[in-house]
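Residue 14 is where the sequence shown starts when you use the numbering used here, and the numbers rise one by one after that.
No wet-lab data here; the hints were simulated from the structure. Incorrect hints may appear among the rest.
List of simulated lysine-lysine pairs, PhoX-like, C-alpha gap at most 20 Å [unchecked claim]: (1) Lys277 with Lys267; (2) Lys101 with Lys114; (3) Lys89 with Lys59; (4) Lys101 with Lys89.
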Amino acid sequence: MSVVVENLYKFYGHQAAVNDVSFVVNRGEVVGFLGPNGAGKSTTMKILTCYIEQSKGSASICGIDTRTDSLAVRRKLGYLPEHNPLYKELYVREFLQICAKFYGISNIRNRINEVIEMTGLGLEQNKKIEQLSRGYRQRVGLSQAILHDPEVLILDEPTSGLDPNQIVEIRNLIKELGEAKTVIFSSHIMQEVEAICDRVLIIDRGKLVMDSPIGELSSKDNQEFVSVRVLFQSSVNADVLESIPGLVDKRKVKKGEWLIKGKKSSDEDFRQTVFQYCSGHGLVILEMNQLTTSMEQVFQELTGKSKQGNNK
Numbered sequence: 014m015s016v017v018v019e020n021l022y023k024f025y026g027h028q029a030a031v032n033d034v035s036f037v038v039n040r041g042e043v044v045g046f047l048g049p050n051g052a053g054k055s056t057t058m059k060i061l062t063c064y065i066e067q068s069k070g071s072a073s074i075c076g077i078d079t080r081t082d083s084l085a086v087r088r089k090l091g092y093l094p095e096h097n098p099l100y101k102e103l104y105v106r107e108f109l110q111i112c113a114k115f116y117g118i119s120n121i122r123n124r125i126n127e128v129i130e131m132t133g134l135g136l137e138q139n140k141k142i143e144q145l146s147r148g149y150r151q152r153v154g155l156s157q158a159i160l161h162d163p164e165v166l167i168l169d170e171p172t173s174g175l176d177p178n179q180i181v182e183i184r185n186l187i188k189e190l191g192e193a194k195t196v197i198f199s200s201h202i203m204q205e206v207e208a209i210c211d212r213v214l215i216i217d218r219g220k221l222v223m224d225s226p227i228g229e230l231s232s233k234d235n236q237e238f239v240s241v242r243v244l245f246q247s248s249v250n251a252d253v254l255e256s257i258p259g260l261v262d263k264r265k266v267k268k269g270e271w272l273i274k275g276k277k278s279s280d281e282d283f284r285q286t287v288f289q290y291c292s293g294h295g296l297v298i299l300e301m302n303q304l305t306t307s308m309e310q311v312f313q314e315l316t317g318k319s320k321q322g323n324n325k
């Protein structure tokens with residue numbers, strides 16, 4: 014097991030930024046670490062990379078405790094933080110040479126050439142970092158993270174600032190690296206998580222609310238439930254929808270538009286149930302679409318409820 018987190022807490026005053034989080038990530042896994050802004054993702058990553066210390070609980074990288082032997086931990090991992098710190102006055106190769114010396118890499122020239130090719134920095138390698146676009150600066154940060162060939166990679170928003178073509182290239186690189194390493198990365202792009210990850214962790218208000226393989230995220234939900242998007246002619250009171258037969262959940266998207274989730278039935282299409290109920294209560298439906306369960310829906314259902322309390 015490359016990464017082990019057990020009952021992890023981080024308090025700032027009385028507020029728990031990380032609240033009793035536990036998970037294990039094995040070698041060869043690419044895991045997406047998701048959550049809304051302020052959920053505790055970056056705080057957890059900073060604990061794993063020894064930038065900050067937890068208040069309670071334990072975390073280890075390749076069997077090494079982050080609290081008791083942080084230098085040994087850092088030798089085992091590569092880290093790309095959310096706000097990528099770079100020495101902008103240095104040239105790309107110069108920056109990587111300095112990093113390579115810090116890591117004690119023996120054949121520096123060959124390794125830098127390999128990393129530059131892997132991250133697509135060939136045309137930019139002789140420029141100053143301050144001359145690069147945000148996307149290429151992000152590539153420099155990723156190059157630094159993988160330079161010493163670490164066993165574990167922790168990447169906070171690794172495709173931030175990249176154009177669509179660059180995103181595809183970095184996704185492919187992460188998938189390739191994940192075949193032999195442990196990769197944990199955060200992203201707000203759900204399609205990216207579905208395309209790259211073997212597994213997903215979702216954190217909300219400091220608590221881990223999901224730990225599931227990507228392939229199992231929607232299979233059970235598809236078998237038992239159905240979700241429909243309903244656009245009404247006018248605003249609808251939440252209490253009126255409460256008695257829809259088979260209702261499991263409902264969420265207001267905007268004025269007149271609702272997402273309604275119900276139990277599947279072999280006897281009747283849930284859309285028909287919703288339509289008949291609404292017609293009987295004088296509610297005029299302008300549009301109704303059945304939704305397929307996606308990573309984005311799962312994320313919204315698990316993290317949106319705390320912010321949508323007034324719509325229930």
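Hints versus structure:
no.	hint	in the structure
1	Lys277 with Lys267	violated (25 Å)
2	Lys101 with Lys114	holds (18 Å)
3	Lys89 with Lys59	holds (15 Å)
4	Lys101 with Lys89	violated (26 Å)
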